[in-house]
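As they're listed, the protein sequences go chains A and B. Take 1 as the starting number for the first sequence in my numbering and just add one per residue. Take 1 as the starting number for the second sequence in my numbering and just add one per residue.
Worth double-checking, as some hints may not be accurate.
Same chains, same names: a pair is fine if it fits in one copy or spans any two.
Cut-off 30 Å, straight-line C-alpha distance, at most; resulting in silico cross-link-like pairs (DSSO-like, lysine-lysine) [claimed, not checked]: (1) Lys367 <-> Lys344; (2) Lys274 <-> Lys367; (3) Lys344 <-> Lys106; (4) Lys344 <-> Lys267; (5) Lys437 <-> Lys68.
Quick caveat, the hints were computed from the structure, so don't treat them as lab data. Please read these numbers as outputs of a predicted model, since none were measured by experiment.
Each chain is listed here by its residues.
Number of protein chains: 2
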Amino acid sequence: MVQATGLARNEDGIAAALGILKQQFGEQLQTGASIREQHAHTTTWIVNQPPDAVIFARSTQDVSDVVKVCAAHRVPIIPFGAGTSLEGHVNAPAGGISIDMSQMNKVLEVNAGDLDCRVQPGVTRMALNTHLRDQGLFFPIDPGADASIGGMSATRASGTNAVRYGTMKDNVLSLEVVMPNGEVIRTASRARKSSAGYDLTRLMVGSEGTLGIITEVTLRLQGIPEAISAASCSFPTVEAACQTVMAVIQYGLPVARIELLDALVVKAVNGYSKLTLPETPLLLLEFHGSDAGVSEQAETFGTLAEEFGGTGYAATTTVEERTKLWQARHDAYWAMFTLRPGCKAVATDVCVPISKLAEAVGGANDKAAELGLLAPIVGHAGDGNFHASVLVDMDDAEDVSRAETYVSWLNQNAISLGGTCTGEHGIGQGKRPYLVKELGGAVGVMETIKAALDPDGIMNPGKILP
Amino acid sequence: MVQATGLARNEDGIAAALGILKQQFGEQLQTGASIREQHAHTTTWIVNQPPDAVIFARSTQDVSDVVKVCAAHRVPIIPFGAGTSLEGHVNAPAGGISIDMSQMNKVLEVNAGDLDCRVQPGVTRMALNTHLRDQGLFFPIDPGADASIGGMSATRASGTNAVRYGTMKDNVLSLEVVMPNGEVIRTASRARKSSAGYDLTRLMVGSEGTLGIITEVTLRLQGIPEAISAASCSFPTVEAACQTVMAVIQYGLPVARIELLDALVVKAVNGYSKLTLPETPLLLLEFHGSDAGVSEQAETFGTLAEEFGGTGYAATTTVEERTKLWQARHDAYWAMFTLRPGCKAVATDVCVPISKLAEAVGGANDKAAELGLLAPIVGHAGDGNFHASVLVDMDDAEDVSRAETYVSWLNQNAISLGGTCTGEHGIGQGKRPYLVKELGGAVGVMETIKAALDPDGIMNPGKILP
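Looking at chain A on its own, in the form it has when it is part of the complex (with noise of 0.2 Å):
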């Protein structure tokens, strides 16, 4: 469990900050303890860090104005999206303020000729999908939360559609950022690609707000398919399922979706769902495209699935009955708390080369059998990610020890695999020790340019850098 970090508090800055901030923002600055823990951590089993304030940004302007105040008085600040983060990117471990962009939730911008569109950093996925829906259009990196779009960004999020529409770093075309003096910057042109200059856009996506605060995204759009297909297929073993997996993305076939659930998250689901699974690992896909196309593409996928053994494979283009087919993916995080009730779920995230994936899940099912531990695995199996979420009596210090081993070797065997400690969630605070372990000296790299562009360390201390 990741206790609170040893950073020391500003206690005459928080305090001098805080007065000129209250005479400057008024009722868009509140101090209630209740709303303080919601702006900090909320999920998963980080404990809760409270900032000193919470601050409702309505512009650039806002964020600026805030950002100069911290800066002259070295005060933290901690951007605030949607609070769905899963690795403490929102707690304030030396307090601060907490800048909460939810009231920034316009789309500036839709440009259906060019596919993009500028938005305001407060605009969750599926307000954007909604908004663009009439103009035949949608965004496609789907978290599975109601993510914000500037919290997406600064995470580096990604989730089921990634394997065919890539993660934020590909969907991100530019940026506005407060830098940490207050100076609003923005990161690169409207073009579609270009080569001018270091990409600050991808050095800000990812960066988690410890280099900068998002204010305004483009986003790369995609146009509604004309045909949607969905599918599932049950397989005998995990390795089986996995080298499905393996030979769909050698075939090249471009699946929009290849989502991986175990056989205890069917197991959960169908108790949890009332559904008849065979209580085996399971693909569920989505295929985009042509009429034509989609159903070409089902048809390959089922030919190569049967090579690997797989059985009740079911194909099918309504919206009902797909929505019924991805039921159990949809349902598979409330699912799983029924497998043990009372319990924190703690999420993990590795990702691992594909022709690493049967091995990395087949030992994380077998690691948790070894340590008497329910980790159920979900994963988004097109790019070798996956989630096993640890089932944790956090009452039960044995319990949780036993977790926090589980992750560790989780971690480790990802990164010993040629693989990352994390496909989507990002570092925060939850996973420094992995950063180093996983990059060496090119996190010393990463330091240097924290250094450089936030020297006092304002922006969301605490979370990445070791």
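Fit chain B to the supplied structure of chain A, relying on the hints for placement.
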């Protein structure tokens, strides 16, 4: 014309470093005038500024050793791949050491199951594709020239396939880099996606050797498609051709290539290659996919093109016919010179949002006519990226001045349309003033990063930053 910049030479440092490096590297170090000139800029109109010596690196250790000596004596280091860059990237405006990476040309590892490979930076893209062919794989980025993978990474190259497969930023998974202090880092794991800290991979891709020297590249690969179809279509106007491209992109048609040749290029190619194409704007296309998929794509394109007055539409899947269809594009560069023999071709590289492509290309045609210049245009139209090649008599000062006016207008016009002064060539020496016009305060952030990582400014000085 870009003149030598006023960067001061560190004569004492250069002499001292040369002495040490000669001892250390023997025959690997060359100082002949001809070899030094070949290692400075030799394309377009930027003046040749040779280094003081060329070292042929054979290993990462070699590169690190050279960097350490140069760092100790504050001597510039200029990485050299295949020398095909177009903006003076390999020039040595303050002298120093050119590190030639061409002997580091091994394909170190191909992981067919993961569709990735690890190569030394001196491998050229054609050599890589020859190596991969037997395994049914290919590396899709095709900038035209047989550039090195290291150089393509350093300039964030792209080319004809980018509309489907992205640019180098999308296809580099990880890099090994020798930093300005000689330290060797690896920027990322081999996982297909990651949220592990700052995206140093993307920071290095496109940094043009100013932040470090790339000594290994891990690339994403693609399976060679089951079927490839090529097509060409003539249009009455540039506007009609560009509107067709916009319709293709909006439709979501997954074209692998969609190239624009303006009327002047078609005229040149007709003469040069003895073709009989209508001398109006031409689109050349390539479709990748299954047999059924590529015929469906070709058919859909035909329907879209017809709406905008496309004529002479022909698609074919045989290798021989495809080669013939694309001959116009392959010969375009050499054919252009026949329009004005004895001239230099000045490369430009603007990229605009697709909806502005017709305006940008049409405007460029008009501006050239107004100035009495010949500036034939080819474009990676699906990305909004096009190259007007200004044919200049370098002995005619007025001609040179008119060309400068044109290039300046072209870049500024692209920026004012929401685009960039460089879609794929990079900033180098030539475009530094435009970078500031395009990105304003963001350039200050780039300067801060540069100063932090390379405090003595030894890595490829005089490039990118003003």
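Any hints this thing doesn't respect? Which numbers, in order? 3
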